[in-house]
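Kindly produce the complete structure, drawing on both the sequences and the hints.
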Amino acid sequence: MDFLRPTGWADALAAKAEHPAAVPIAGGTDVMVEINFDQRRPEHLLDLGRVDELTEWETGEEYVRLGAAVPYTRIMERLRPELPGLALAAHTVGSPQIRHRGTVGGNLGAASPAGDCHPALLAAGAEIEAASVRGTRLIPVDEFYTGVKRNALAPDELIRAVRIRRADGPQQFSKVGTRNAMVIALCAFGLALHPATRTVRTGIGSAAPTPVRAHAAEDFLNAALAEGGFWESGRALPPSLAGQFAELCSGACAPIDDVRGSAAYRRHAVGVMARRTLAWTWDEFRGPGRSTEGGASCA
Amino acid sequence: MGAPHTPTGLTQGLGTAAQGGVGASTLRPDGTLKTTGEFAFASDLWHEDMLWGCTLRSPHAHAEIRSLDTAEALAQPGVYAVLTYADLPAAAKHYGLEIRDTPVLADGRVRHHGEPVAIVAADHPETARRAAAKIKVDYAPLPLVTDEASATAADAPLLHPDRTDRHAAHVPHPNIVHRQPIVRGDVAAARARAEVIVTGEYEVGMQDQAFLGPESGLAVPAEDGGVDLYIATQWLHSDLRQIAPVLGLPESQVRMTLSGVGGAFGGREDLSMQIHASLLALRTGRPVKMVYNRFESFFGHVHRHPARLRYEHGATRDGKLTHMTCRIVLDGGAYASASPAVVGNASSLSVGPYAVDHVDIEALALYTNNPPCGAMRGFGAVQACFAYEAQMDRLAAELAMDPVELRRRNAMSQGTLMPTGQAVDAPAPVAELLRRVKALPLPPEKQWETTEGADVRALPGGLSNTTHGEGVVRGVGYAVGIKNVGFSEGFDDFSTARVRLEAVGGEPVAVVHTAAAEVGQGGVTVHAQIARTELGVAQVTIHPADTRVGSAGSTSASRQTYVTGGAVKHACEAVRAEVLERGRARFGASHPAWATAELRLEGGKVVTDGGEVLADLVDVLAGDAVDVERVWRHRPTQPFDRRTGQGDGHVQYSFAAHRAVVEVDTELGLVKVVELACAQDVGKALNPLSVVGQIQGGTTQGLGLAVMEEIVVGDDGRVRNPSFTDYLIPTILDTPPIPVDILELADAAAPYGLRGVGEAPTLSATPAVVAAIRAATGLPLTRVPVRPEHLTGT
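In order, the protein sequences belong to chains A and B.
Residue numbers for the first sequence follow my numbering, so the first one is 130 and each next one is one higher.
Residue numbers for the second sequence follow my numbering, so the first one is 40 and each next one is one higher.
A hint or two may mislead.
[As the list claims (entries may be wrong)] Chain B stretches covered by chain A per the calculated footprint, using a threshold of three residues with CB under 8 angstroms from any CB of chain A:
no., region
1, 74-83
2, 307-313
3, 754-768
4, 819-829
The set of hints was computed from the structure by calculation and includes no laboratory data.
Note that the structure is predicted; figures quoted are calculated from it, not measured.
Glycine is no exception: its CB is placed at the ideal position from the N, C-alpha and C atoms.
Here is the structure:
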């Protein structure tokens, strides 16, 4: 196994072009486990640790351009106001040690249906900046996941950054595991209110072969909110509406039974998380004093 | 050849322990090293020119090996040896703790997923692994035996068709390892008197010890044709007895030294890589190191027996138990391991710490094609405790009685007869322990509420942010358990200690040498504390444990402080007698007090009962060390009668009670244990800090079994979650505050009155947590670990 160590982005792209089967490695929290257990033995490992620009981010008017190798800890600490959903998701990743190493770029590269970032990215709205010696293209996150552990990258492409829509309203992220920390997702749910466009977006993790949005649930809710004038009035949502939304979110799942849990439970849990995260974000949108459930604080 | 070492100069931190005698909270000499990552574990061993061993394991749970071809593996550059069953050098080719039924390498047939088939030595661990993958094995799968029905069917494939072990003649089916009935009183008559009867069926999943330091060791071939083995184990001499015959060596040519142990919990009582590394070392003439990774570790040791339990309890309306019947079926997996002794415990402790005169009990362990199961903290008593405590709650509900009050009315006490007819002759403060945990103030309601909103860390789901209080219901539950201490059923359970007292640099120094495996239990502090108290010296050195001294017995069964502590005390007493004799010979004429029997060693001096100094120890020793080795046994026990289960089978009992407070997210089925208070009688806390550590650790392991820990075995007999990704153990965020209330009611038969501590808290933690979840949800919950699916009906 050869270890390629480009010192700049151009070198990295050239190396990937020369060795399209090279496996990029940033934090190594996924790749190294596979290598250590001999599940994967690529001929080339492409270390991105010396490409400094990958660990930087820029906050623009509409987007945060998040370098592919910005560790989760940094997102939790520095980008919570701009990317609240992703910051919550980042906090559920592994242990503090893993969060210091793991990256959103790695999560996207691995494209595991259980990756913690995906529901938050789907809900917020994001584009993946895929680069190669041929140039750079933007892949909408909705089109990025193509199968179990497969993504839309071409063999010679690397993830340069993720352009994530800056929050224009409340966002939430919930994940179910059978332990209160350091647990892989049994299923996860992200929800973002976008008052600017008067839309709600969702993301579901670990409950289908790929991370998915609950399109029917979003359409239903967007229509109901518009029809009822909820965005304008800021009225509390009737329980029946939240219930129907939750049911549609459950319906968007195509889960499996596995050693971590049953398909039926995953479907059920996604519904519960959908209902709760909708209540939390809507209460936050309505503003303090009108909240019925209270917010959440975490260290 | 030089002794092995670690490449980084890591140390086990033995040597001179910190100060403090019996009763002091002496700090562990290895505590800081373990915390800072400087402690040398067995996996850190290193030797010049060493090779790396690797094991090829069966992918099938049951198969015939039609052919085995090692030629290609052996031809790999860097490979020094590939061994299979055909290469075993001695007539003995099997080993086992109680029954020698386990082949060193598969003998033409594999009986469980992960069974060792071949071993490889190479100059690099990766080379060894790749060579192992090139061994060609032609397996022909055989029909599986996976549960009681398939194991005891008339035409069931027999796991061990030609049994000659001591249980073979009395078991009802050859796929039953051992069966122990216990019958006492007149159940039929008592049942007729019962005003309320509750029955229940319960199930306990397969728990893993999940020690953090995986199996590892180093075998170094010696010039005399023998082998020096450096190993992380629980019982050096038991290993030795099993290793030497299959190597074809006398025990004197297999010299074992304990290496740094990263936890055990019963999982190192059986052999893992000891014989394999030794075989490879002897074959290649090179030191061979073997280290399992986490995946392999799940196949490298036995687990806790999964169990199915059926119980019936009867009582009068005022809550007095009339009778109890139960049937406990333990899955022992492919090989016997400790199954017979686990059966003995499960049956004899199946009533729990209650006085019941009329019982009909049956416990048995099966041979199946599931992973082998054996010793794990609690050892048969854990499974029973989950069931009988669930039954007590069920009975309390039926009687509309407070569950603690029901337990109090039936609690055993000193003098109560066990179902085996054995009288409990030491304090048994069962009611008092329950009273104490119940009297503790409850943690405040809704402790997650802060001025900033909900603190999700205090809620079910934690940082996964699944609830801000929605769906959350609190429950409180109680449980109490009984565990035997030491080896039972007539086993000659002894330990050996060698104590040397000499003057070094003008100061008296004691060296304590035992073969007791330090696996985290605290022998390194306690044995030094005993020597300090008995010999009145400040400096005590703990010698590394090895087989140059007699057996210490196993570091298990909550026995090591009792038995090896007893041996150290006994050896110190002999040293003291010798010192006083020398003193009398040398200085007797100088002071009349030398003639009295009331002399003590204190502060490095010989003193009278009144504290008058007679001589300095250094002067009494006069350059000549006192060096004695003593064997010490606890009082003898008897086997249980095969048909009635009667007999004084146990040495001592230990008791703990828990109160669990949980919050359950009833919609998502997630659990947060808010507090898990424990009260335990320890007889005498030799090291109170260690005692609290043992209780908190055992409690946490019990919590793990209650809500997350399970090895999942598929219908094909294969382990489905051999990793820490999917075998979950509690993190610090799952571990609640554990207030510990220690009672010290002395057991007159034990050294210092002490009681074994390590296991009892593992028993009652599990049923207390589940009782609390039942209280929160109203669900029956008859299986552990409790999963979200059980709580949500999905």
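Hints, verified against the model:
1. 74-83: With 0 residues closer than 8 angstroms to chain A, the region 74-83 of chain B misses the three-residue bar; violated.
2. 307-313: Violated - the region 307-313 of chain B has 0 residues with a Cβ nearer than 8 angstroms to chain A, which falls short of three.
3. 754-768: holds (count 5)
4. 819-829: holds (count 3)
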